[in-house]
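Colleague: Here is how the chains run, residue by residue.
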Amino acid sequence: MLLLPELSILFFSIVCLFFSVSKNKTGVAAFAKIWSLCTFFLAALCVTNIGELFSGAYKIDLFSQILKLLISLGLCLVVLMLGKNKEIEESFLPEYYMFFGFSTLGLMMLVSSVELISIVISLEISSYSLYAIVPLRKGQTRVQIEASMKYLFFGAISTGVMVFGMSYIYGLAHSTFLSDILAAFPQFISKPIGVLALILTLSGFFFKLSLFPFHFWAPDIYEGASNNTTTFIATIPKVAATALLIRIGMLAMPVESSQIVTIMIVLAAFSMTLGNLVGLVQKDIKRLLAYSGIAHAGYLMLGILSMSTEGNASALFYITIYLFMNLACFYVIILMSKKGENVSINDLAGLSKRSPLLALLLAVAAFSLAGIPPTGGFTGKLFLLTSAFRSGHLAIVIIGAVNTVISIFFYLNLVRMSYSKEAVSIEPIKLSLSEKILCYLFIFLILYMGILPYGLLEIFKIAV
Amino acid sequence: MNMEQYLMMNHLDFPVLSTTIFLPLIGAIIVLLMRNDSAIKITSLITSIITFLVSIFLFTNFNPETHLFQLGEFIPWIPAYNVNYILGVDGITIFLILLTTMLAPICILCSWTAIKERIKEFMFCILLMQTAMIGVFCSLDFILFYIFWEMMLIPMYLLIAVWGGPNKDYASIKFFIYTLFGSVFLLVAIIAIYLTNGTFNIPEAMFKGYSFTFQFWVFIAFALAFAIKVPMFPFHTWLPAAHTEAPTAGSIFLASVLLKMGTYGFMRFCLPIAPEASVYMAPYMIALSVIGIIYGGFVCLSQTDMKKLIAYSSVAHMGFVTLGIFSFTLFGFQGALLQMLNHGITTGALFFCVGVIYERTHSREIYVNAGLGKIMPVYVGFFGLFSLSAFAFPGTNNFVGEIYVLIGIFSQSKWAGFLAVVGAVLAAAYMLKLLKQIVWGRTDQSAIKDMNVREIIGLLPLVLFVLWVGLYPRPFVYVMEKTMTNLFNQLQSILH
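Protein chains in written order, with this note's numbering: chain D, 329 to 792; chain A, 12 to 507.
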């Protein structure tokens, strides 16, 4: 059963589809929670599977299986975080889950794809589902429509650019299989058209990752989409996009391609600096997290542009911790917003009195995003900087280090608001037991990855 | 390099260093689970006292006859990156650890009634700070060191931002960003050293004969981080802000331990890892130190806020420490370490005194608190002693340290020595001015009560050390002698 995780998530979506046409829709949330957990366990069972399907276009190895595990864990957490649904009309809920399922399916397929056509198809399966759920929000206004249109247009354009680049690659390498393409790599990589083709192709993933200059969609979509949708968009597609960048990097590693690396360094530097500088002036936490995501995409590139096993493993490690710390931040937003509205930074005032646990979770996640020890964010950043430094890219390491200082200002602002500002409303936020457990789980995961990164890092190293 | 060459493993039945580091953390977690305020205070006090006793035990098992790191512990941590959990103490750190563990109960005592809200979180922060600070001094691995080094920022930030004075927002953020700015370059330098050596081990990185360019850049990166922490002259602006706004316990930790980390860093990292670059940069560092001493002295003369005055006097005092380090003489090194301890004791005590009076009059203005001589005789007695100590009156601890430093620096540069003496005279001027106002000023303060038993108990150990170091410094010098001589000899053999 090589395709067990994919089949399981397909089953998830189809059952949700049935829920959506039936009259009684009450059970869908419970089903989604249980079955996403099941999928996670099935993916865990399948971690050691190895095989190839569809005449080599679909590769199942430790790398893809670990990422499927990570993606299903992400879905599982997102579904659990949905908890008391406050943001989506009840009647749309089954479809909402269904699109989550389809998008996850696309992402799972993406991490296994090693052929251009299947990459495009998987990417589109995941994107189209997201286009559909961006405008779903209670009390829908023009903001949501605008966000979804923007997402659709930017998505379509980036796909177009990507396919355009792929056509060049096909023209140069006469094959759509990554392994064949990379075998022909040395012949065209030093030519301008080869560099152009590769960068255009990668831009599809840069878009998902919201790397500069493909970042324009992020702030508006984060702000416009409902908190839960944003949680999904901000985390899981980025995992898959990173995975594919690593996959390409893994195959391209033996080839010396300094132009591509230089371009990536420039993109990473701009992405970090722009994300952090614009992040300084944000008032809405989701917008802030969007810019923080742009900056983090830049950090992530440090691992990929080192073009080494170590670099790839550290990028994988970083995206894992990024998943957890971002989910943690969004969970605070979800629990704080009473009716599913956006939360501004000023709303955080007095959070530590209203709910000490949420304030602690936010502090841990913010310090982790900023990269302060002993959180996972620090360990991840350390690995990234080390691997980029080892590959001789000192300039980007220093830019990354300076950016950490810039970014601390707005992350610290989150902590400052929740701890040292007096509350506007002193109404305490009541958390149910399951919500508390999830909060503690996030805190544990972030600290665990900071203090004991060893086991995970070894597994990632074997995987890449 | 073989580990036996620099580290003697722990021969005791239990890991004494890990116990010292993590006892406060365990106490902090217990405190977090408690509800009753007075129980929380008592638990944290007991935790810190037990930690102090453990550190005394650590001291009794410390062997001053060797310069090696001792009581070592080793656990592989992230083998893929050769990161290990290595601990060890030597003649430099043993005192700094003792200073930290001794000040923690004092900090808790001085906040007993001063902190009225969120006591649980406050004690949690204090204990967490303690863990991080001891950890910094014990770590023999760069990553471990860096983690403790940065971890310190979070509780310190919260101490200022939550329990601080009216301007706490500005002060706390300035403190955090300033310190972090230095630290990121430290991290880059650490990575550079790791890529050269293949290990994050600190002793293995020392005296390796790196190329001068490498040493130079490593020195610059380290020196930036440490100079901000000390703080040396152009990087000092965060200090008065942070000190004035921090609660008393925060100020004590900040002045007595956090500032020492900068000078400790110079001694532990800059000199052994980049010896040639250190010598090359020494004139500049000496110049900055002297400027710091003189500038600090003049700024102190014009202060009307007691805490600000003591904060700026820290800039001047820490100037003596860096002066001693960069004199590259044995006397200078010993004097620098002694001065680190003395400054920790004296300035900690002075901040304690300011805290005592602030609790009574809710003001730190010198002229509001003037004329306490008749109403608070005990307080004025303590305050007088510590003020004398602060300007290095013979017979007090600072006198010994400054003499050592001055002997060291005079043998290197007459001008620097002369200017440092001028700074010492300035210190007498501003401290006596402060003392005069506090004791003989003309405000009517009859409603104020003198110090209570809790406060006296808090200050007594500090009085003991002021006089002990002042009158009989030999035991202290003896313990640090071997380590310092070794450092000095190693440097000499490399430079000649």
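Where hints are given, some of them may not hold.
To be verified - Computed, partial: chain A to chain D, Cβ under 7 Å: (1) I89; (2) M162; (3) F192.
Said to hold, decoys possible - Taking CB as the label site, the calculated pair distances span: (4) A:Y96 to D:S350: 54 to 62 Å; (5) A:A50 to D:S350: 30 to 38 Å; (6) A:S222 to D:Q587: 28 to 36 Å; (7) D:C366 to A:L44: 32 to 40 Å; (8) A:S222 to D:T637: 25 to 33 Å; (9) D:N674 to A:L482: 36 to 44 Å; (10) D:L605 to A:P177: 29 to 37 Å.
What the hints assert, rightly or not - Covered, in the sense of this in silico footprint (three residues per stretch, anywhere, with C-beta under 8 Å from a C-beta of chain D), are these stretches of chain A: (11) 90 to 100; (12) 203 to 216.
What the hints contain is simulated information worked out from the structure, not anything from laboratory work. Please read all numbers here as calculations on a predicted model, not as lab measurements. Don't be surprised by glycine CBs; every beta carbon is placed ideally from N, CA and C.
Colleague: Hint compliance check: list the failing hint numbers for this structure, sorted ascending.
Modeller: 5 and 9
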